[in-house]
Amino acid sequence: MTVPRGAASAGTAAVRCRSVGVSFGTVRALHSVSLDLAPARIHALVGQNGAGNTTLAKVLGGLQTPDAGDVHIAGRKLPPGDVRSARAAGLAMVHQHFSLPPSFTIAEALELTAARPEGRSVYRRAELHRRWHEDVADVGGTAALSTRIRDLPVETRQSLEIVRALTTEARILVLDEPTALLTPAAIEALFERLRRLRDDGITVLIVLHKLREVVAVADTVSVLREGELVLGPVEMSEATQGQISDAIVGPASGADRSIGVAAATGAEHPTLLELVRVSSRESAFEPGLRSVDLSVESGEIVGVAGVEGNGQRGLVSVIAGLGAAIEGSVLLGGSEATRSPPGRRRSRGLRLVPFDRNSEGISRSAPLWLNQSALRLIGRRRRRSPLISLRDYKRQATEALDHWQVRYNAVTQPAESLSGGNMQRLILARELAPGLEVLVAAQPTRGLDFSATSFVRRSLRGLRDAGAGVLLVSSDLDELFELSDRLLVMYGGQIVARLEAPFDRRAVGDAMTGASR
Amino acid sequence: MEQILATTLRSAAPLALVATAGVFAFRAGIFHLGLEGLMIVGAFTTVAVGEATGSVELGILAAIGVCMVLSAVYWWVIGPLGANVIIAGLGLTSIGLGGTAFALGAIFDRRGSMFTEVVLPRPVSGITSGFGVIVSEHSVLVWMTPLIVLTAWVVLRRSRFGLRLAAVGEYPFAARAAGVNPSVVRLQALLIAGALCALGGAELSVGALHNFTENMTNGRGFIAFVAVIFGAWHPIGAALAALFFGFADAIGIQSQINITERVPREFVLMIPYVLTILAVWLGGLWRRRSLEAEAGYAELREPDR
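Chains as they are written, first to last, in the working numbering: chain V, 38 to 554; chain G, 765 to 1069.
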C-alpha cells in the first residue's frame, strides 16, 4: 500500500486536504482525511456507499462544513463550508443528484449558477439567450436554451451539469458518482470528455463505484473505507485491481446468508409466474406492453434486458398488480390472477423489489420496524385479535434486520436515515421473508456499492437454488449475464428476443437497440 | 353594470396586493397562511398611526414596518426555530385578528370599530353616470395595484433575484449548490410579502372605507391565498384570479341591493363563495395534468444519502 505523498508534492498540489473530519451525530463520516491531488490528472475516489465519498466531495465544494481540518486550493486555504469561495478559487462540483431546478429553462439555470453575474439584475429573455448560446452548444443533443431541464434526457442533463460547472471557469472539477444514471455509451462519452478536459489542464476528481470504470478513466486512485483514507492516491499503473478491491471491502466480513423459502417442493420446475399475451396502456414515460408472453419456472432466474423506457416499468407493474392489463392474463402458480389486487398476489407468494427504493420500496419517514412489518400487517387474512403487539413486531423486525445485516442504530429510526445499500437490505429483509415463491427484482443493485451489490446478487442466487423463481429486470448487462438462466430483451413494449445461456453480447445489444428487427 | 365593474375593482385591489404577497412566499416554498393576519395588522396600524399623526402616508409606512417586523418573526419561527409552516402561519393570523381587536380596545377604548378622518387620496372622483363610474372613487392604491403586480412579475420572472427565489422554492439543493443561502432568500421573500400585505390592509381600511372594524378582512387573506394557487403562483395569474374573486364579490353585493324579495338573502350572500368553489374546482381539473408531470420528479426532491 502506498503512503500519500507528503512534502514532495505539497507545493504543486491542485487540491490539498489536511486532516478533514466530519461527523453526523454519533456517526463519523470522515476521519482525519489528508489528500493531495496533483494538477491536470484524473483522480478517482472509490469506496462503498457510506464510506464518505460524497461527504468528502461536498467538503471540497463548500456544501459541507468540516468539523476539523481544512482544504487548500492551489496553495490557498478555503473558508470552510462556503460554496462561493470554493467556486471563486476555481473548484466546481457536479453533483450525484442533479443540481438544476427541473422547471427552469437551460438559460435560466445557467444564469442562476453563473459565477460572475453580468449586466443589470433585470433581464430580457433575448439577453439571456445571447449570453448563453455558446455554452449550450457544448451540451450536445437537441437541447435549446428555452428547453426546460425536466424535458431533457438523463445524459443531456448530466452533460449540462458539467457545462454548468465549467461556465465558472473551473480549474478543478469534482464529480460525485456521475455514472450512476448513465447508459454504457453515455459513460464512455463522459469519460472521453473528462480526458479532453484533463488534457486542457483541468484537475478532475471523480467518485466512482465500479472498478471497471476506475480502470477505464482514472490516472490515480484513492480509496475511502468507513470515513478513512485507506489507499492512495496511487498511480493506476502501480495499483492492482485486487489491491483496490481489498482496500474497498476491507477484512472479510460475514458469511453468506441462507434464505428460507417455502416453495422448495419436490415438484419438478412448476411454472410459478406466467404472462399470456398481455398488453397494457402506455404511460408518460414508456410505451405500453404489446402482447407479452413470458414464464418463470421454479429454480430459475429470468433476466429482462432493454434500454430503459421500453416497457420494463409497465411489465413490473402489471405483474405486481399495480397497473392493469387491457388484454391477456397473468397467472400465478398456474391459476388466474389477472384481476387480483396486489395484496392477494402477495399472499400467493409474489414479492417485489421495486425500481425506486426511495419512493416505492420504503416509506422514508416511517420507522424501520414499520417498514419491515407493514405489508405483513396488511397481508394477513385472519388475525385472532384486532390489536397488535408493537413489542412483537419490533422484536421480529430486529431479528430480520440483524439476519440481513442491515446497519442501523434502533428499529425506531426512520428509514431515510439508512444509506442506499442498507435500504436495499431492508427491502430484501421484508420481501424475501418465508412464503416467497416468485420474486420480481427491478434494478436491485442500481446505485449500490461493491459489497452491497454482491450481497444482493448472492441473495438472488440463493433464492433460485432454494427453488424460487426470479424475474430480474436490470440495465446492467454484466449483471444479467452473470445471474440469468434465460434472458428476454424488451424493445418498444415487446419481447423481441429470447436467449439461453451462454449469451451473445452482440445479439443482446442488437435486440436492445432494435437493430435486429 | 358600471357599478358592478367599479365594485369589482374596489374588492379586487386588496385581494390582488395580498395575493402578490402570497406569490412571493409561495415561490420561495412557503405556504403562507399568515396573510390574513398581516393584512388586518396592516389595516389597523394604518388607522392607528394615521389617527395619531394625522398623516395617511406615515400610517402606511408604519403599517409596512410593523408587517415586515412580524414577517421577520414568522421567518425566525419557521426557519431557525424549525416550527411547522402551516401552524405558525395560522398562529400569525390568529395573533393578527385577536391582537388588533385587543389593541382597538386598549389604545382607543373602542369596541368593534373606529372611524377615521385620514383617508387615501382619490385621483378621480365625483363621476356619477356613464362609463366614468368604473374609474371613479378609487383610492390611489387601487390605481397603483396594476403597476405593483407588473413590478412583481418583472422581479419574479425576469430578474436574478427571481431565479434565486424560484430555485429556493422548487429545489433548495439547487440553490445551495449555486451558492445561494435559502434561508436568507426566504427572509427576503417574506419581508416583501409583509410589505404587500400592509398595503392590502391599508387599502381596506383607509382606501375603500374610513374605518377599522374588528375582523374586517373577513377571510380575504385566505381568498388571496386561494388566488395564488388558482393563478398557478404566477403574479399575473394570481392578480387575474383576484379580479375574478372581486367580480364574484361585486355580484354578491349588487344582488343584495337589487334582488331583495324573491330570493332569500342567505342565498345571495352565498354567491361569491359558490363561484369561488366552482372556479377553484375547474382550475384544479384543468391543471391536474401538469401536476402529474411534476410528480415524476419526486425522486429528485428526496436525494438518497
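Keep in mind that the hints were calculated from the coordinates and are not lab data.
Since the structure is predicted, the reported quantities are computational estimates derived from the model, not experimental observations.
Note that the Cβ used here is the ideal one computed from N, Cα and C, for glycine as well.
Check before you lean on any hint, since a few could be wrong.
[As the list claims (entries may be wrong)] Beta-carbon label-pair distances, calculated as ranges:
no.	chain 1	residue 1	chain 2	residue 2	range
1	G	L854	V	P378	37 to 47 Å
2	V	R161	G	L822	33 to 43 Å
3	G	V948	V	S396	41 to 51 Å
Which hint numbers doesn't this structure obey?
3
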